[in-house]
Structure formats: structure tokens, C-alpha cells
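Undergrad: Chains A and B are the protein sequences, given in the same order.
Here numbering that gives the first Met the number 0 is used: the first residue of the first sequence is 0, the next is one more, and so on.
Here numbering that gives the first Met the number 0 is used: the first residue of the second sequence is 0, the next is one more, and so on.
Hints are computed from structural coordinates only; laboratory data are not their basis.
Note that the coordinates shown come from a computational prediction; the quantities given were computed from them, not determined experimentally.
Errors might be hidden in some of the hints.
[As the list claims (entries may be wrong)] Taking lysine-lysine and the DSSO-like style, the derived pairs with C-alpha atoms no more than 27 angstroms apart in a straight line are:
id: 1; chain 1: A; residue 1: K263; chain 2: A; residue 2: K49
id: 2; chain 1: B; residue 1: K112; chain 2: A; residue 2: K355
id: 3; chain 1: B; residue 1: K134; chain 2: A; residue 2: K224
id: 4; chain 1: A; residue 1: K184; chain 2: A; residue 2: K170
id: 5; chain 1: A; residue 1: K355; chain 2: B; residue 2: K123
id: 6; chain 1: A; residue 1: K184; chain 2: A; residue 2: K234
id: 7; chain 1: A; residue 1: K170; chain 2: A; residue 2: K111
id: 8; chain 1: B; residue 1: K99; chain 2: A; residue 2: K355
id: 9; chain 1: A; residue 1: K224; chain 2: A; residue 2: K257
id: 10; chain 1: A; residue 1: K186; chain 2: A; residue 2: K113
id: 11; chain 1: A; residue 1: K181; chain 2: A; residue 2: K170
id: 12; chain 1: A; residue 1: K224; chain 2: A; residue 2: K234
Letter by letter, the chains look like this.
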Amino acid sequence: MGAATETFYEVIRRQGITRRSFIKFCSLTATSLGLGPIGTSQIAQALETKPRVPVIWMHGLECTCCSESFIRSAHPLVKDAILSMISLDYDDTIMAAAGHQAEAILQETRQKYKGQYILAVEGNPPLNEDGMFCIDGGRPFVEKLKEMADDSMAVIAWGACASWGCVQAAKPNPTQATPIDKVIKNKPIIKVPGCPPIAEVMTGVVTFVTTFGRLPELDRQGRPKMFYSQRIHDKCYRRPHFDAGQFVEEWDDDAARKGFCLYKMGCKGPTTYNACSTVRWNGGVSFPIQSGHGCIGCSEDGFWDQGPFYERLTNINQFGVEANADKIGATAAGVVGAAIAAHAAVTTVRNLSRRKEVPNGNGGSNGKSNGTTNGTSA
Amino acid sequence: MTTEIARVQGALDSAGERARSLQTVYVYEAPVRLWHWVNALLIVALCVTGYFIGSPLPSVQGEASASFQMGYIRFVHFAAGQTLIVFFLLRVYWAFVGNKYSRQIFWLPLANKTWWWGMLYEFKWYAFLVKDPKKYIGHNPLAHVAMFSFMVFLVLMMVSGMALYSEGQGIDSWQYRLFGFMFSLFTSQTLHTLHHLGMWAIVVFVVVHIYAAVREDILSRQSMISSIVSGERLFRDDLPD
């Protein structure tokens with residue numbers, strides 16, 4: 000068990016980090032969270048006085064890309080500082096303990112910090128066959144998840160898996176992999192989607208929660224507004240090319256070399272809410288579009304079923320064939336057009352034959368129209 | 000024998016034969032006709048620009064600052080869409096203050112047996128099973144259903160369109176507050192796809208709508224095309240059925 004009474008600041012200093020670096024970290028964090036000028040001192044104050052928040056990090060069906068991303072966070076700086084800020088009491092992929100000792104930590108944390116710890120969930124539980132597709136510590140992951148969630152303060156859903164389901168929940172979803180908000184109903188859940196989420200977004204969320212002791216403002220889908228309120232497209236540096244109508248048409252064309260908009264190559268930036276085009280990746284070095292590849296929309300719900308990745312229009316598989324909206328629409332319009340042509344032809348033929356039957360017809364198209372009366376009858 | 004005066008009353012043809020009395024009913028008031036034509040223009044503009052938003056024109060060369068092609072296409076789409084909404088709201092207002100025919104396309108008389116019978120009859124008419132169509136002052140029951148469905152559909156397109164527009168305006172915009180609920184139902188990409196499919200459904204509707212109007216103008220016992228301009232429905236005979 001980590002030294003729960005120690006403050007963040009004490010841990011940070013103990014690990015040889017200077018006060019100067021500590022204040023730098025606070026400033027960077029305050030800036031990345033979009034806080035006002037006073038934010039830096041508030042963060043510093045909090046880190047100096049508050050005991051570290053225990054975090055339990057669980058892994059369901061996942062690929063560990065969230066963990067891989069998290070440990071590469073640069074701002075907040077951080078490998079050791081951020082891992083010291085929180086008291087990461089349990090994370091089965093990177094913890095030293097194993098077996099019964101590891102499992103014992105879960106129970107200990109539940110009892111000792113009831114209602115105080117944060118449950119961070121990477122991956123999701125499969126519900127089919129009573130959860131047998133993900134066995135963790137000898138029992139279905141879903142049971143463990145519910146149990147740990149019951150006594151937590153709040154739950155963080157790391158990545159597309161925990162937030163939406165991701166690849167294991169893509170059609171036909173044989174294991175019935177289910178996002179955690181469908182399983183945990185009694186706790187506030189912050190969704191931090193992405194496959195993986197941006198490292199700085201992950202540490203930013205953790206910093207916010209530990210600093211202010213509450214959840215950040217969430218949007219309609221339960222994502223932190225500060226990182227997920229705009230689309231990639233809204234802040235994309237290639238946006239001027241989009242507005243100008245300048246598009247890459249082929250991967251090796253001149254427009255690709257010039258860095259034109261990747262819209263026609265299936266870039267999902269216009270429908271994807273994430274901070275990639277502002278925060279970027281690997282310490283702000285680049286992000287997919289900057290590297291010449293369109294966004295695949297990894298932080299969006301069901302992005303595996305919104306393919307293809309390299310076409311603007313999504314395939315619709317409802318009719319047993321792969322077709323996009325244009326193909327379906329044009330086919331429907333063609334069929335209706337042909338049907339109308341046929342209907343018009345039948346109408347004409349019938350009308351002509353009826354005229355022959357009524358030689359004195361006055362050009363009216365049916366028996367009743369404009370019938371003239373004999374003048375003498377009036 | 001009738002008098003000479005009586006013989007020249009009414010519309011006569013070149014042989015001096017008199018047509019049976021023609022009835023004209025004023026159905027479509029000026030705001031309704033104006034709305035129809037505004038809709039026609041806007042829907043064409045929306046379909047064309049919408050198609051090019053989904054599948055843009057060939058890439059423009061040169062400086063990005065020298066062109067705003069996609070920007071203008073999107074602007075026309077957004078402007079036309081919002082104009083469509085404004086005119087739709089005015090049309091709904093007119094349904095309250097206009098004549099009784101102005102309300103027809105906003106409700107269905109589902110409890111009316113005659114109406115259902117008329118619908119069946121219209122189906123038979125289009126399936127060539129009956130010789131003559133019936134006369135209707137407003138829309139016939141089949142057209143009534145078609146127009147009502149189109150109104151529902153138009154509302155769905157307007158709501159989804161405003162939701163998609165709100166994405167650009169930001170999640171703090173009034174557009175997102177009003178229409179953001181669509182993103183609780185669908186993801187952004189799915190909503191784009193549905194809105195795009197909706198465009199094709201409107202194209203199909205337009206094709207059927209124009210065919211039916213022209214066909215009925217030629218074959219039916221009442222005017223269609225000229226009514227769009229004059230608002231008056233002319234009946235070509237006064238037979239009771």
C-alpha cells in the first residue's frame with residue numbers, strides 16, 4: 000500500500016524533483032486545462048496539502064494501448080511525477096505484486112478507502128456466457144468491475160473500449176463486449192475515449208480530478224468538455240484547404256505532397272470529437288493528419304462499423320450488400336424513375352386504346368371529362 | 000326548343016355545343032403557393048450543394064487563400080436550409096390562419112372511413128383497375144398521405160440538418176442546445192449518413208411528385224399544374240360522382 004498520508008508534493012520532492020520543476024508542472028497543467036491565472040497556485044496548493052488519491056486501474060477486454068499512451072505523457076510532465084500524484088494502488092499490468100497478494104490489494108483498498116478511491120477502467124466486460132470471455136483473478140471481469148465500482152468515488156472509462164466498446168464490440172460482437180456505463184449505473188463516469196486517448200488528455204483528467212476533488216464538466220456523451228468539445232476538423236491546420244476546395248484525390252498525388260485536405264480520402268476529422276489537432280501526440284510532435292493520413296475517428300462511438308476508413312461516405316450494410324448513401328440513393332431514384340416510365344407508358348397505351356373506343360371523344364383523356372351535351376337538350 | 004339566348008350561355012365549342020358548367024374552387028392561397036415555389040427552389044439548391052458537400056468537386060489548385068469554393072457551397076447549403084426552416088414555420092403559422100385546405104397536409108383523418116375508401120380507390124386508379132379518378136378539392140387521400148409524410152420527413156431533415164450545423168457552431172451554441180439531442184441518438188458520422196440518405200429520399204419524392212402532378216393534370220377530372228400558379232382548382236365536369 001502506498002504511503003497514503005503523504006502529500007503529492009512530499010512524494011515529488013522525495014523523488015528528487017526541484018520546486019522549480021514542480022511549479023513548471025503546475026503552470027503547464029493549469030494551461031493545458033485552460034484554467035485562469037490563479038489556476039497554477041491552486042494546483043500547487045492542492046498538491047502540497049492534499050493526500051494522494053488512491054487509484055485502482057483495472058483491465059478488461061483491451062489491448063493496453065491506453066496504458067502505453069498514459070506512460071508517455073509529457074505535459075503534465077511526467078513519468079514519475081504523475082505516477083506519484085496519484086497513489087496507483089493496483090494496476091495488474093505494471094504492478095510488482097502478483098497472484099493473491101495483488102488481489103488482496105483490491106479488498107484492502109475497498110475497505111480502507113470506501114467511497115474515496117477512483118476506479119480507472121481500461122477495456123470493457125463481455126457479458127455473453129455470463130462474462131466467461133474475460134476471466135480475471137479466477138472470476139468474470141464483470142463481477143470484479145461491479146464490486147470495485149460500488150465503493151469507488153468515481154469511475155474513469157479509459158479509451159474507446161470502456162467508453163463505447165471499440166473493436167471487440169464491433170459487429171457482430173460475439174462476446175457481447177459492453178461499455179462500462181451500461182454495467183455501472185450508480186457512479187459518475189468520465190469517458191475519455193480514443194484508441195488510445197491522448198496521453199496529455201489522460202493525465203489532464205487525472206490531474207483535474209485529484210486537484211479539485213470533483214469531476215470536470217462533461218458533455219452530453221459524458222466526455223470532459225475541455226478536451227472533447229470540438230471536432231478534429233474545427234481546429235485542423237489543413238482546414239483552409241477544405242474551405243478552399245483543395246483535396247487530396249490519391250495518396251501519391253501532388254495535392255498529398257502539398258498537404259491538402261484529406262476529406263476525400265475518408266478523413267473522419269469532421270465527425271470526430273477529440274483534441275488531436277490542438278494537443279497532438281508524442282509531446283505535441285504530430286498527429287495523424289499532420290503525418291498525411293486521415294483521422295479514422297477512433298474516439299467516436301462504433302468507429303469500426305463506420306467504415307471504410309478511406310472513403311468519406313459510410314458503408315451501409317443493412318441490405319446485405321456494401322453500399323454507401325449515394326449508391327443506395329441513386330439506385331432507389333433509378334428504380335423509381337424506371338417504374339414511373341413504365342407506368343407512364345402503360346397509361347399512354349391504355350389512353351390511346353380508349354380514345355379509339357370513343358371516336359367522338361373531345362380529346363379528354365377519360366370517359367367523363369368535359370362531356371359536351373347536345374345543344375338541343377339544354 | 001330553347002331560346003337563342005339560352006343556347007349561347009356557358010362555354011361553347013366551335014360547333015356551338017355547350018360544355019357542362021365548370022366549377023372552380025379557390026384552394027391554394029397566395030402564401031401557400033409562394034411557399035411551394037420557395038420550397039422547390041430551396042430543395043434543388045439543398046440537394047445540389049448537399050451532394051457536393053458529401054462528394055466534393057475536383058480539387059482546386061493554387062493558393063488556399065485564393066479560393067473559398069467549399070466554403071461557398073457549404074454557405075449556400077446552410078443559408079438555404081435555414082431559409083427552408085423559416086418558410087416552414089411561416090407555413091405552419093398559415094395553417095392556423097389560412098383556409099381549411101391550408102391545414103390538410105399537417106394531419107391525417109385516420110378515423111374517416113370515406114377517406115380510407117378514397118385511398119383504396121386512388122390505389123386502384125394508379126393500378127389501372129378503375130376507369131376514372133375521383134374529384135377532390137384539396138389533395139386526394141393518397142396524395143394527402145404522401146404530402147403528410149413529406150412534411151414529417153422535411154422536419155426530420157431540418158432537425159438533423161440543424162444538429163449537424165450546430166457541430167460547427169460549437170456545443171455552447173443555441174443550435175446545439177436545441178438540436179444536440181440528435182447526438183444522444185446517433186453519432187456524428189451516422190447522422191451525416193442518415194441526412195445524406197434523406198437527400199436521396201427527397202429526390203425520389205420529387206420525381207414521383209412531378210410525375211403524379213403532370214399525369215393527373217392530363218388524365219384527371221381536375222386541374223393540377225395551373226393550380227400551382229393560380230391557386231384555383233378547376234373541375235372539368237359536374238358529374239355527381
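Undergrad: Give a verdict on every hint.
TA: Verification of the supplied hints:
no., hint, verdict
1, K263/A to K49/A, "violated (51 angstroms)"
2, K112/B to K355/A, "violated (37 angstroms)"
3, K134/B to K224/A, "violated (59 angstroms)"
4, K184/A to K170/A, "holds (24 angstroms)"
5, K355/A to K123/B, "holds (23 angstroms)"
6, K184/A to K234/A, "violated (34 angstroms)"
7, K170/A to K111/A, "violated (41 angstroms)"
8, K99/B to K355/A, "violated (41 angstroms)"
9, K224/A to K257/A, "violated (33 angstroms)"
10, K186/A to K113/A, "holds (13 angstroms)"
11, K181/A to K170/A, "holds (17 angstroms)"
12, K224/A to K234/A, "holds (15 angstroms)"
Of the numbered hints listed earlier, those contradicted by the structure are 1, 2, 3, 6, 7, 8, 9.
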